[in-house]
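Assemble the whole structure, with the sequences as input and the hints as a guide.
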Amino acid sequence: MPIEQQDDPPFDLPPNTESGAGTPGQAAPAHAQGSISQRALAKRPMSSSAAPYLDALNPEQRAAVEALEGPVLVLAGAGTGKTRVLTTRIAHILETGRAYPSQILAVTFTNKAAREMKERVERFVGSSVEGMPWLGTFHSIGVKILRRHAELVGLKQGFTILDVDDQLRLMKQVIEAEGLDKDRWPARQLAAYIDRWKNRGLTPEKVPAGEAHAFAGGKGRELYAAYQRRLKELNAADFGDLLLESLRLFMENPDILAQYHNRFRYILVDEYQDTNVAQYLWLRLLAQGSEKPNICCVGDDDQSIYGWRGAEVDNILRFEQDFPGATVIRLERNYRSTAHILATASHLITANENRLGKTLFTDGAAGNKVTVTGLWDDVEEARTVTDNIEALSKQGHQLNEIAILVRASFQMRVLEDRFVTTGLPYRVIGGPRFYERAEIKDAIAYLEVTANPANDLKFERIINVPKRGLGDTSVKRVRELARASEIPLFAAAQSIIETEELSGKARRSLSDLVGQFERWRANAATMPHTELAKLILDESGYTQMWQADKSPQAQSRLENLKELVHFMDDFDTLQGFLEHVSLVMDIDNASDGDRVSIMTLHAAKGLEFDTVFLTGWEEGVFPSQRTLDESGQAGLEEERRLAYVGITRAKVSAHISFTQNRRNRGLYQSAIPSRFVDELPEAHVEVVEAKTPFGGAYQNFGGRFGGNPYGASRFDEAPAAFQSSYATPGWQRAQKQWQSDSTTPPRRRAAPRTIEGELVASSTSESSFEMGERVFHQKFGYGRISEIDGNKLTIDFEKSGRKRVVDSFVERH
Numbered sequence: 001m002p003i004e005q006q007d008d009p010p011f012d013l014p015p016n017t018e019s020g021a022g023t024p025g026q027a028a029p030a031h032a033q034g035s036i037s038q039r040a041l042a043k044r045p046m047s048s049s050a051a052p053y054l055d056a057l058n059p060e061q062r063a064a065v066e067a068l069e070g071p072v073l074v075l076a077g078a079g080t081g082k083t084r085v086l087t088t089r090i091a092h093i094l095e096t097g098r099a100y101p102s103q104i105l106a107v108t109f110t111n112k113a114a115r116e117m118k119e120r121v122e123r124f125v126g127s128s129v130e131g132m133p134w135l136g137t138f139h140s141i142g143v144k145i146l147r148r149h150a151e152l153v154g155l156k157q158g159f160t161i162l163d164v165d166d167q168l169r170l171m172k173q174v175i176e177a178e179g180l181d182k183d184r185w186p187a188r189q190l191a192a193y194i195d196r197w198k199n200r201g202l203t204p205e206k207v208p209a210g211e212a213h214a215f216a217g218g219k220g221r222e223l224y225a226a227y228q229r230r231l232k233e234l235n236a237a238d239f240g241d242l243l244l245e246s247l248r249l250f251m252e253n254p255d256i257l258a259q260y261h262n263r264f265r266y267i268l269v270d271e272y273q274d275t276n277v278a279q280y281l282w283l284r285l286l287a288q289g290s291e292k293p294n295i296c297c298v299g300d301d302d303q304s305i306y307g308w309r310g311a312e313v314d315n316i317l318r319f320e321q322d323f324p325g326a327t328v329i330r331l332e333r334n335y336r337s338t339a340h341i342l343a344t345a346s347h348l349i350t351a352n353e354n355r356l357g358k359t360l361f362t363d364g365a366a367g368n369k370v371t372v373t374g375l376w377d378d379v380e381e382a383r384t385v386t387d388n389i390e391a392l393s394k395q396g397h398q399l400n401e402i403a404i405l406v407r408a409s410f411q412m413r414v415l416e417d418r419f420v421t422t423g424l425p426y427r428v429i430g431g432p433r434f435y436e437r438a439e440i441k442d443a444i445a446y447l448e449v450t451a452n453p454a455n456d457l458k459f460e461r462i463i464n465v466p467k468r469g470l471g472d473t474s475v476k477r478v479r480e481l482a483r484a485s486e487i488p489l490f491a492a493a494q495s496i497i498e499t500e501e502l503s504g505k506a507r508r509s510l511s512d513l514v515g516q517f518e519r520w521r522a523n524a525a526t527m528p529h530t531e532l533a534k535l536i537l538d539e540s541g542y543t544q545m546w547q548a549d550k551s552p553q554a555q556s557r558l559e560n561l562k563e564l565v566h567f568m569d570d571f572d573t574l575q576g577f578l579e580h581v582s583l584v585m586d587i588d589n590a591s592d593g594d595r596v597s598i599m600t601l602h603a604a605k606g607l608e609f610d611t612v613f614l615t616g617w618e619e620g621v622f623p624s625q626r627t628l629d630e631s632g633q634a635g636l637e638e639e640r641r642l643a644y645v646g647i648t649r650a651k652v653s654a655h656i657s658f659t660q661n662r663r664n665r666g667l668y669q670s671a672i673p674s675r676f677v678d679e680l681p682e683a684h685v686e687v688v689e690a691k692t693p694f695g696g697a698y699q700n701f702g703g704r705f706g707g708n709p710y711g712a713s714r715f716d717e718a719p720a721a722f723q724s725s726y727a728t729p730g731w732q733r734a735q736k737q738w739q740s741d742s743t744t745p746p747r748r749r750a751a752p753r754t755i756e757g758e759l760v761a762s763s764t765s766e767s768s769f770e771m772g773e774r775v776f777h778q779k780f781g782y783g784r785i786s787e788i789d790g791n792k793l794t795i796d797f798e799k800s801g802r803k804r805v806v807d808s809f810v811e812r813h
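In the UniProt record's numbering, the protein residues as written are 1 to 813.
Hints should not be assumed to be uniformly reliable.
Ranges of calculated distance between the beta carbons of each label pair, as one might list FRET restraints [to be verified]:
#, residue 1, residue 2, range
1, Asn354, Asp55, 29 to 39 angstroms
2, Trp308, Pro681, 27 to 37 angstroms
3, Ala225, Glu122, 44 to 54 angstroms
Here are the computed lysine-lysine pairs in the DSS-like style, where the Cα-Cα straight-line distance is at most 30 angstroms [stated by the list, open to error]:
#, residue 1, residue 2
4, Lys562, Lys550
5, Lys534, Lys799
6, Lys562, Lys292
7, Lys505, Lys172
8, Lys605, Lys219
9, Lys441, Lys219
10, Lys206, Lys172
11, Lys144, Lys219
12, Lys550, Lys172
13, Lys550, Lys505
14, Lys219, Lys206
15, Lys441, Lys232
16, Lys476, Lys505
17, Lys358, Lys292
Calculated directly from the structure, the hints in this document are not laboratory data.
We treat Cβ as the ideally placed atom computed from N, Cα and C, and that holds for glycine.
What follows is the structure, encoded as C-alpha cells:
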C-alpha cells in the first residue's frame, strides 16, 4: 500500500513526499535544495525562548545536538547524558523547523526507552509529540511498515504476531510433519536456530549449509522454510519476521524503499552498539537514499555486552566506513560516578583492542578508591558483603542504593542464603529468587513428594514434568478419585493404576512414576540425601529434559540444579534441607520497600547505585570460561566490557572481590583471581585485607595454592604463613587434638586445591598411599584403596560404594 494512502494527521504530512502531486502509489520527487518549500521550512521561526534547552548542555553535548547535517556518531560513555542528547536533538530539529514530527525516524530497543524519549521531547518543546508515529522500538516500527505493505510479503493487513508458545507449537507441527522424533529434535532447539538466523537477516535459502546441518541431520534449512510457509498460511508472523520481512520488502520493492527515503529527513538510533545484523541492514537500507544521510547513531562500543543474543559491536566500530565523512563526537564528561571509579573503569577497558577509544572523567570529587578483596570461599564472600551492607545500613545508607552484581545466576544462591540468615531484605532484578526459579521448584517438588507422599500440591506440579503422556484428563481423574475417597493424590495414583480408568499409555506412565517414587523412598533410608537427589533428577528424566533444551537459559538451569544439590550437603538430612527451604520461601517476597538489589551484570546495564559490590572475579567465572571457549578473543573483550559496565554502575563506592574456592556448577573448586583484577590501575585501587577462616590475613594466591597463569599478581602480599595450607597455629592445634583423641576417627580439612567428591584436582603428584590400605574419608566413611593414579585414589567405601577422590581427603586408619 503506498504511503500517500495512509491516515497520518493532516498537519503532519511531509511536504516533500505527500504533496498530492504525482501518480497515486508513487513517491513525489524530492524538492531541490533552495526550492520555495525548502526555504519556507528553513524560515520557520524559533520559539520565543531562543532554545533554552541548549543552555543546559555541556560543550560536547551541545555539539552533538547541533550537528544536524550528514552522518553523526555520538560515542556516549556511561553516565554522560546520552538520553539528554538524543531527546534534545529531536527537540532541536523540531524547533528549528528542519522537519515535521512524522519526518523523524527515532528507534530504540525498549518500549520504556521510547516512552521516556517521547516524554522528554514533549517537555523540551512544550507541546505534544503524538504526531511522531516513527518513534519507537525496532520491532514496533517494523510492524507498522509491514501492516502498510503486508500483501507484498505474502501477508494480509490483519496478520497475527505469534508469541513464544504459539511459535513452539507451530514448530512442533513442522517437525512432526517431517517425520522427525520431536524428543530428539526439540522445538526449542529449532526455535533457537531460526531466531539466530533471523537476527542475521537470513531467509531459509541463505542459511549456510554447515549451519543447516547442525539440526536434524541437515534438515534445518528445510524446516525453517516449512515453518515460514506455515506462518504465511496462518497469516502470521513471529517477532523475528518484523524486521526480516521488512528487509525483504525493501530489497524486493525499491519503489517502496524510495518512498521511505523521501519520508525520513532524520534518522536517530539509540544504543547502536546493541544492534544485530538484521537491524543494521534495515538501518543501512533506510539511510542510503542520500550520499550524506542525516543519520545520528548514539552508543558506546565499550558497553556492547549482548553478543550472545546477536548484537554486533562491529556495527558501531565501522560507522565511519559505512558513512564516509561522518562526524564523531565523544561524550566523556561523566555525571554519575566519582573520579576513582571512572579512572578504574577507563583503565580496565583500554586492554581491549577493538574499540574507538574514549576516557571518562568528572568535574566532581575523587571519592573513595575502588576496593579489591581476596577471600577464602564464596561463603566468606557472602558473609563479608552482607556484613558490610549491615554496617552501611546502620550508618543510614539506603538499601535501595546498594547492588550486588554477579556474572552468573548460580552465584546468587549463597548470597541469598546469607541474606535470609541475616534478615536483610533483598530483591533479585531480572529474574526470580533462587528458590522461586521454576527448575528449583520442580526439583524440590520431587524431593518433597519423596519425603512426604501426601503433599498433593507438589505431586500435581511434577506429575507430568517432564512430559510423560499424562494429559489434563488423566490428572483430573486422579484428582476426582482422591477427592471422592478422601485420600492424597499419590495414594489415588497408586489405586487408579490398578484399574482401567486411564488409557493404556497414561496408566503405564503413571505406574512408572509411582514405582519410581516408591523406590526413591526406599533408597532414602540408606543413601546420602545428596546422592538421592541426583538419582531422582536423573531417573525422572528432569535433568535430561534441560540437557536436550538448547535455549540460552537451559545451561543456567542445569547449573542452578547442580548448585541446589551441592547446597544440600550443608544439611544432615533431606528433611532438614526441606525445612530450610520452607523457611526461606515463607519470607516476604514483596519487591517494594528498602531492599538490596541482586542481579547479573547483564541485567545491571542502564541502572545506577550509590554502592556496588562486584563479586566472583575469578578466572572461569569472570571472564566466563564458556564465553572464552566459544568466542575466543572476541569473547574476552566482551567480558571485559561487561566488567566496565559493572564498575560504572557505581556512583560513590565500588567493591570488587574474588575467592580462593568457589562452588561452581555444583562443584567445590579452587580459583585464581580474574585477569581483570590485575588490569585495574594501582593509583585508583585499594587492596583490603580480609580475614580467613584460620584467623590470618589472606591475600596470597601463589605457592601451594597454584600460581596465576597471567603472571605474578601484585595482590600477592600475604607473608609465607600461607605458602602452606596447614601452616596456621589454629590448624596445628586442631591437628594435635585429633591425633590425641583415640576415640574419634582422624579427620582433616581438605587441602584448598582439591575438588570435593568424585571429581579431582589438577595436581598429578604421586600419592603416599598404597594399594589395599584402609582409609577414612570425612564424607564417605571407611574404605580400602583399589586403584592409585598419581594423587587420585579409587576407594571401595564400606557404605558409599566405589568413589574416586584426591588423597588429601583421606587419612590412614
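Verification of the supplied hints:
no., hint, verdict
1, Asn354 with Asp55: 29 to 39 angstroms, "holds, 37 angstroms"
2, Trp308 with Pro681: 27 to 37 angstroms, "holds, 29 angstroms"
3, Ala225 with Glu122: 44 to 54 angstroms, "holds, 46 angstroms"
4, Lys562 with Lys550, "holds, 18 angstroms"
5, Lys534 with Lys799, "holds, 17 angstroms"
6, Lys562 with Lys292, "violated, 55 angstroms"
7, Lys505 with Lys172, "holds, 21 angstroms"
8, Lys605 with Lys219, "violated, 38 angstroms"
9, Lys441 with Lys219, "violated, 36 angstroms"
10, Lys206 with Lys172, "holds, 23 angstroms"
11, Lys144 with Lys219, "violated, 33 angstroms"
12, Lys550 with Lys172, "holds, 15 angstroms"
13, Lys550 with Lys505, "holds, 28 angstroms"
14, Lys219 with Lys206, "holds, 14 angstroms"
15, Lys441 with Lys232, "violated, 39 angstroms"
16, Lys476 with Lys505, "holds, 16 angstroms"
17, Lys358 with Lys292, "holds, 26 angstroms"
When each numbered hint is compared with the structure, violations occur for hints 6, 8, 9, 11, 15.
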